[in-house]
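A.B. asks: Residue numbers (my numbering), protein chains in the order written: chain A, 368 to 481; chain B, 12 to 121.
Since the hints were derived computationally from the structure, they do not count as laboratory data.
Certain hints may be false.
With beta-carbon atoms standing in for the labels, derived distance ranges [to be verified]:
hint, chain 1, residue 1, chain 2, residue 2, range
1, A, Ser374, B, Asn68, 29 to 39 Å
2, B, Arg92, A, His377, 34 to 44 Å
3, B, Ile74, A, Arg452, 37 to 47 Å
Sample of chain B residues lacking proximity to chain A, with all beta carbon distances greater than 10 Å (derived) [unchecked claim]:
hint, residue
4, Arg27
5, Thr37
6, Ser52
7, Gly54
8, Lys63
9, Glu69
10, Ser72
11, Ile74
12, Glu77
13, Asp78
14, Ile85
15, His88
16, Arg92
17, Phe111
18, Ser113
One side of the interface only, derived from the structure: several residues of chain A facing chain B at Cβ under 7 Å [as the list claims (entries may be wrong)]:
hint, residue
19, Ile372
20, Phe432
21, Phe472
22, Gly475
Since this is a predicted model, take the numbers as computed values, not measurements.
Glycine included, every Cβ here is placed at the ideal spot set by N, Cα and C.
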Amino acid sequence: DAGVIQSPRHEVTEMGQEVTLRCKPISGHDYLFWYRQTMMRGLELLIYFNNNVPIDDSGMPEDRFSAKMPNASFSTLKIQPSEPRDSAVYFCASSLMGQGPEAFFGQGTRLTVV
Amino acid sequence: DAKTTQPPSMDCAEGRAANLPCNHSTISGNEYVYWYRQIHSQGPQYIIHGLKNNETNEMASLIITEDRKSSTLILPHATLRDTAVYYCIVIGYNFNKFYFGSGTKLNVKP
């Protein structure tokens, strides 16, 4: 397996634009996580899914953020409208429940909102 | 989740053992200790985990005190590629929410 795949790796957008980040988890994994990392706040858990169902989105900063998982092999994190303070590295991770909470992370998407 | 405390940074000479401490004095009986590391700009990488016994794998060893209030991650022969931020996390085995603290920045020097 190629691991968790995120796209794009880098995204630069103007304030007010819609941004969509994509994630393909490891095949067979039943948990998917979205994290955001900034220098100020470190790694923050935004939302996680179990079997494609959102379980906890208490980390989503505000209504401008939304995440979906239409099937077991794809998830998106959308920001609309984007703001400069959304600039961060966004990581997606997946894990398999039966093997304990060992999560495998993607390489991240570096988002810059200007 | 139980709170963990780690030193913000540590130095280690290349080829020597790196010992990274973690305090988790409020850990409960069914919570595991997990270690991850994050090499610059990459996603965090799983290293090792344990409950109460010491553990060893190809990457590292984990020593957990008898009272489970602290643990030490040991990299037996640190290399320059081990320079990273190391995170100690305490979590229940069936609970999948990971919360990363600020970690320890390990600097391996030649």
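A.B. asks: Hint by hint, note whether the structure agrees.
C.D. replies: Checked hints:
As the Cβ distance of Ser374(A) to Asn68(B) is approximately 31 Å, the hint placing it in 29 to 39 Å holds. Arg92(B) and His377(A) have their C-beta atoms about 24 Å apart, which leaves the hinted 34 to 44 Å range violated. Checking the proposed 37 to 47 Å range against Ile74(B) and Arg452(A) shows it holds: the Cβ atoms sit about 41 Å from each other. Against the 10 Å criterion, Arg27(B) stays outside the reach of chain A, whose nearest CB is about 28 Å from its own CB.
The non-interface label for Thr37(B) is consistent with chain A: the shortest C-beta to C-beta separation is roughly 19 Å, beyond 10 Å. Interface exclusion of Ser52(B) from chain A breaks down, the closest Cβ pair being 8 Å apart, not more than 10 Å. Non-interface call for Gly54(B) relative to chain A: violated, since the shortest CB-CB distance, roughly 3 Å, does not exceed 10 Å. Against chain A, the non-interface label of Lys63(B) holds: every CB pair exceeds 10 Å, the least being about 15 Å.
In this structure Glu69(B) is separated from chain A by more than 10 Å, as the shortest Cβ-Cβ distance comes to about 15 Å. Look at Ser72(B): its CB is around 17 Å from the nearest CB on chain A, clear of 10 Å, so calling it non-interface holds up. The claim that Ile74(B) is not at the interface with chain A holds, since no C-beta of that chain comes within 10 Å of its own (minimum 20 Å). With 10 Å as the threshold on Cβ separation, the claim that Glu77(B) sits away from chain A holds: the shortest Cβ distance comes to roughly 23 Å.
Every Cβ of chain A is farther than 10 Å from the Cβ of Asp78(B); the closest lies at roughly 23 Å, confirming the non-interface assignment. Here Ile85(B) stays apart from chain A, with its beta-carbon at least about 19 Å from theirs, past the 10 Å limit. No beta-carbon of chain A comes within 10 Å of the beta-carbon of His88(B); the shortest separation is about 24 Å. At roughly 17 Å from the closest C-beta of chain A, the C-beta of Arg92(B) stays outside 10 Å, upholding its exclusion from the interface.
The Cβ of Phe111(B) does not lie farther than 10 Å from every Cβ of chain A; its closest approach is about 4 Å, which violates its non-interface assignment. Ser113(B), annotated as away from the interface, has a beta carbon of chain A within 10 Å; the closest lies near 6 Å. A distance limit of 7 Å between C-beta atoms decides the matter here; for Ile372(A) the minimum to chain B is near 11 Å, and the interface restraint is violated. Because the smallest distance between the Cβ of Phe432(A) and any Cβ of chain B comes to about 17 Å, over 7 Å, the interface hint for this residue is violated.
With a cut of 7 Å, the hint placing Phe472(A) at the interface with chain B holds, because the nearest CB-to-CB distance is about 3 Å. With a least beta-carbon distance of about 6 Å to chain B, the hint placing Gly475(A) at the interface is held under the 7 Å criterion.
Of the hints listed earlier, those the structure fails to meet are numbers 2, 6, 7, 17, 18, 19 and 20, in rising order.
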